[in-house]
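Participant: Could you put together the complete structure from these sequences and hints?
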Amino acid sequence: MSEHLLSVQDLHTSFFTDSGEVQAVNGVSFNLDPGEILGIVGESGSGKSVTAYSIMQILADTGRIVHGHVLYKGQDLTKWSKKQMRSFRGKCCSIIFQDPMTSLNPVFTVGSQLEEAIRLHTDKRGAAVKARAIEMLDLVGMNEPEKRIRQYPHELSGGMRQRVMIAMALACEPDILIADEPTTALDVTIQAQILELMQDLQKKMGMAVILVTHDLGVIADMCDNIVVMYGGRICERGTANEIFYNPRHEYTKGLLRSIPNIANMKQRLVPIAGTPINMLNMPKGCAFCARCDAAMKVCLDELPEEMTINENHKASCWMNVKAMVENGEGRADQ
Amino acid sequence: MTENILEVKNLKQYFPVHAGFFKTIPLKAVDDISFSIGKGETLGLVGESGCGKTTVGRSILRLYEPTAGEVYFDGQLVTDKNITALRRQMQMVFQDPYSSLNPRMTVEDIIGEPLDVHHLYANRKERREKILQLMEYVGLNAEHATRYAHEFSGGQRQRIGIARALAVDPKFIVCDEPVSALDVSIQAQVINMFEDLQAKLGVAYLFIAHDLMVVHHISNRIAVMYLGKIMEIADSDELNAAPQHPYTLSLMSAVPIPDPKLTRARKRIVLEGDVPSPLKMPTGCSFRTRCRYATDRCAAECPALQDRGNGHFVACWNK
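As you go down the protein sequences, you meet chains A and B in turn. So the working numbering is basically just the index in the first sequence, starting at one, shifted up by 1252. So the working numbering is basically just the index in the second sequence, starting at one, shifted up by 78.
Residues on chain A that point at chain B, a partial pick, calculated with CB under 8 Å:
| hint | residue |
| --- | --- |
| 1 | E1295 |
| 2 | G1411 |
| 3 | V1440 |
| 4 | Q1445 |
| 5 | D1467 |
| 6 | L1468 |
| 7 | G1469 |
| 8 | D1473 |
| 9 | L1507 |
| 10 | I1511 |
| 11 | L1521 |
| 12 | P1523 |
| 13 | I1524 |
Chain A residues, not near chain B, derived (Cβ > 10 Å throughout):
| hint | residue |
| --- | --- |
| 14 | G1287 |
| 15 | Q1309 |
| 16 | Q1327 |
| 17 | S1333 |
| 18 | P1397 |
Calculated directly from the structure, the hints in this document are not laboratory data. Positions of the beta carbon are idealized from the N, C-alpha and C atoms, including for glycine.
Facilitator: Set out below in structure tokens:
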């Protein structure tokens, strides 16, 4: 078997709260290869950010990986010590957060925060550190980088701050960049700038990117492969074309129907009924079945296993089994 | 031509900003804008954050005292004196369903408050009936009436906010980013509800949002704002098919389309730089610092909205 750059295997992450255990991530597996852009899409509470945080092991105190493995170049990160993880973060894998306003320290200059990251993770010292910081700011398209490194975060606009975050994340040339809703807090024209920049840098530096977002437009634009999450589980995965043009999970279908686009401009939107799932009270069967129009009895009782639609496409939905049975291709055990 | 429910003429809204110990300079949040909304019509107002779109909504309802300009509601000039009475017919739905509902009040009291303020019922029984009917309009169950706002999800809270706005049976509602705080799957539910309520009650909307696709879906006409000014205003299909202002063009090309083939095939116009500070507005056309077509004339004179036929107005010298 060829080795993947990152391989998440049957990941379970739970938060232990006063009202009980919340299984935020419930058996998630995926692989990431060098140079790939993987999109994780889902609504709030679907576990997409927690998956990303679990890889980095930056969960809140109440959260813990209860089961599963995260393999980086074949080594299991869940068995690493805190010290080893510290060297993993930044050097091998970096993360950009949603809110550039709160993820920079307001009392230090942009330069000192950027230099800190470089000093911690590389053996550059002295003037070389500053030179690298200026080089990085230049790379992410900041004008007058020499002036910028002496400025504080509050002096920069939202788009500029996100550029600083990207510069910081890429300063040590990681193999993997995790972008957690990188453009959600930004305006559309600034979002376009940042997406363009991320695409450029990805081509230039060749790192793999995990893009976590709820915006299907951003996903369509950026990603090679897509993972759709709902209720802490992966419901569908495949290439961008497969997911958008041949969705095989009722949730993905509903999501694509519910967003306004050019084709349905004059029609009524078809929303997904109900409200997002309560993670404290997970159903036995498919997490989506309470909101699903096509739900059958089996959906309530049994968790659908992942079915292969074709080599680029897998979905966990009983509807696919039903379709197979109707077409006379049913499996012996069904 | 249909009759206008709302007319805004040369509205200006400046906020004083302290620039020194004794010195204040005006922040021109809204700078001389005019538009009208027909009865039962939806006007979409789009723009980036800080362009003044929320301020427009609030100035119309006199949540701010406008610096200059007039607002006519149903032919009547809106003033400080008559605004309380007029708020019986003009209401607002706010962006954040978490902070716009009082956590200490039950749903029944939240929706009932406008009824109390305007004395719209004869007895407790009638109040209760009205509230239950409003809740039914927005798809809430009667059993929700005694609960508090924190017990609801974002989408349901937004429904409570809408029911509150509808309580006084208004003819016009300012919807300030009513769906942007909601999840995608819930957005469609709320958009459909806005459309249904309009069909049923004939209410007109000023629909403020930054999501062009949502605005296009719900609006009859769309106005595009940039730095306190309207750049382009047109029928929504027309604007989508043939946008003219360079800002509208770049805004539309920047919106990611949820269709991999389409979105990768088209050419994105990426605007350089950031929106200038509204305290240091460029001379002439406010968009010229980021515009590809900017000429000397743009720096010297500010273009006015010009009719290009079919009710399509554009403020640009070059396009």
